[in-house]
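Those sequence lines, one after another, are chains X and Z.
Start counting the first sequence at 1; every next residue gets the next number (our numbering).
Start counting the second sequence at 1001; every next residue gets the next number (our numbering).
These are computed hints drawn from the structure, not numbers from a lab.
Any given hint might turn out to be false.
Derived list of chain X stretches under chain Z, where covered just means 3 residues or more per stretch with a C-beta under 8 Å from a C-beta of chain Z [said to hold, decoys possible]: (1) 38-50; (2) 237-251.
Stretch-level coverage of chain X by chain Z, calculated; a stretch enters the list once three of its residues show a Cβ under 8 Å from a Cβ in chain Z [stated by the list, open to error]: (3) 27-34; (4) 123-137; (5) 152-162; (6) 185-195; (7) 270-280; (8) 297-303.
Remember, predicted model here, so these are calculated numbers, not experimental data.
By construction, the Cβ of each residue, glycine as well, lies at the ideal position given by its N, Cα and C atoms.
Each chain, letter by letter, is given below.
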Amino acid sequence: MAVLEARKQVAPSPTKTRVKTGVRRWLPTAADLFVLPYTLFLLAFGILPGVFALILSFANFSNGTPQYFAAGLQNYITTFHDFRFASAFANMFQFLLISVPFGVIGVTGIALLLHMRTGWFASAMRTIYFLPGAVAGPTSVLIFLFMLDPQVSPFRGLLTAMHMDQTIIVIQPSHLPLLFTLLGFFVGAGGWIVIFYGGLKGISTDVLEAAAIDGANAWQTALYIKLPMIRRYVIYLAILTFAGNIQIFTEPQLIGASFAYSGIGTISPTWSPNELGYYFAFNDGNFGAAAAISLLMVAIGLIGALAIIRATGFFRTDAAV
Amino acid sequence: MTSTTTPAPTPLAAKTPWLTRLRRSRGAPALTGMGPITTLIRAALLLLLGIFFGLPLLWLLLAPTKTDVQLTQDFPLSIGSWAKIGSDWQNLLTFDDGVIIQWYVNSILYALATLVLALAVSLPAGYALATMKPKGRGLLLSLTLVAMLLPISALVLPLFLEINLVHLVNTPWSVILPTAFFPFGVFLAFIYYAVSLPKDLLAAGRIDGASEWQLFWHVGIPLARPLLGLLIFLNFTATWNNYFLPFVMLQDPSVYNLPVGLQALISGTPALHPALVGDVPIHRAELALAGVIIVLPVALVFLFSQRFVTSGALTGSFKE
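Okay, chain X solo, but in the shape it has when bound:
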């Protein structure tokens, strides 16, 4: 508004023609002002950290203060050759391999199952699935530590039946990818189920009734009619699960920390790449190597997301709105 008024005042000035073209080109319009704060935030907290990471990854931190561009590719070489690097990425990929299909199939399946018959039962169950979304980060880890402790867990019968009568046996390294998957599913599935359910409600009842009249049973309707119609949701879920799960940090870090004192040390403090980055930065003081890991994570996230977007044509219509 202020800009519009300013322009009106500028217009009748003696240097009318010159100013006018100059103003058109350089003065921001109202639209520009609307997006300006966001643009600044995007620059400061989206782009700048990325650029900063790039610069740091070529800096040398060996004597405490950064010497920019002094390291060349040394940070990358250090990182790739570090003995913890391979295992951290192996852990992460193993976790992805289990958690992404589990999450996508689980959420889609539950939403379809719920939607077979709408009513109080489906609503009540959906709310129960949704509530753990309120729990995240350390609280979810805390709950999970209780659930996995055969001494106190309400699932203790199940745990004992599987011959796991001690927490150390439950939380052993080979179980971690599956356990983190279950934890992530416990916390995150409900929100997605509700979103999927909202999408399923958008399907015209005419279509569903036509299918039922044609003799399709509930499973067939779910698989061949409903599923294709919420395809976009499934893709979006897959992208976000992938992008979120490569960042795994809280779960291994907290579970590791809570066992550190008992001297068991089941979980390495560098279990995941993000933990390794944290370790490089705050335990070794090597911010260059930490930045190299950050960039690698960004790259993997981007490549994965872009690959899915390209392969599926997702966002093509959205971006053109």
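Place chain Z on chain X using the hints.
Just chain Z now, kept in the frame of chain X:
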């Protein structure tokens, strides 16, 4: 079902005839194509899942009422004594002179400040991207999509160094400012306005001499109520539960938020690892109470905002 029973005077709902059709057809039994066996399998599966999702929360809620002995020996869903909660709380207060109250205040302040800032920044941006032609619109949209797909945690370490350069590490701003960057909110606002705000309405307003700012304030904001609910819900829960960023940024226990504080409780007390010898009276029940305290506000928000998540505000972003 909440969203179908509440009257939805939004233009989006008005645009979607399925909603009205669904309402009209509610009286008649729908054809589900489910036989008795399917009905049974479905009910059994859904109930099992209900146990998976519901039991841990119920257990957590009851745990503070019980002593350590009761926790290990009684039936997992037994109720101890409600008075036990009071003594648990007293015990929690012994940790670092009751610093948990400070954490609570911090969490509320950080969440509110982030929310206000995030909305003030995201809403106008999404509105302008959808209804006007700001410079660099295509680039902004693309970068927003990329930023949405990359969780902020990917950049936590460089963010730390950046914030360190401007000497804001260990202050509330180190957490508030980066989390107020809310690309998902911009994207949702963009889609919402693009789909549900009639362009003619704005054009008519402009002819009547309204400034862009007035249009946004008098048309854009009032029409965005379902969107606002969803954005508030998403932003508040994300900030309240934020861990990695505050864990890295905040070093002094007096500026911790609740999740970082809980981490300090978990790793600094003998509750979960009896091998750690200490005289802090914090055991499983106390930790569980700390967990309940953190979860409760968000759980309440969740109970009341399920309809925002199912509402058209979000589904609009997935329209084929």
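The hints, checked one at a time:
no.: 1; hint: 38-50; in the structure: holds (count 11)
no.: 2; hint: 237-251; in the structure: holds (count 7)
no.: 3; hint: 27-34; in the structure: holds (count 6)
no.: 4; hint: 123-137; in the structure: holds (count 14)
no.: 5; hint: 152-162; in the structure: holds (count 5)
no.: 6; hint: 185-195; in the structure: holds (count 6)
no.: 7; hint: 270-280; in the structure: holds (count 3)
no.: 8; hint: 297-303; in the structure: holds (count 4)
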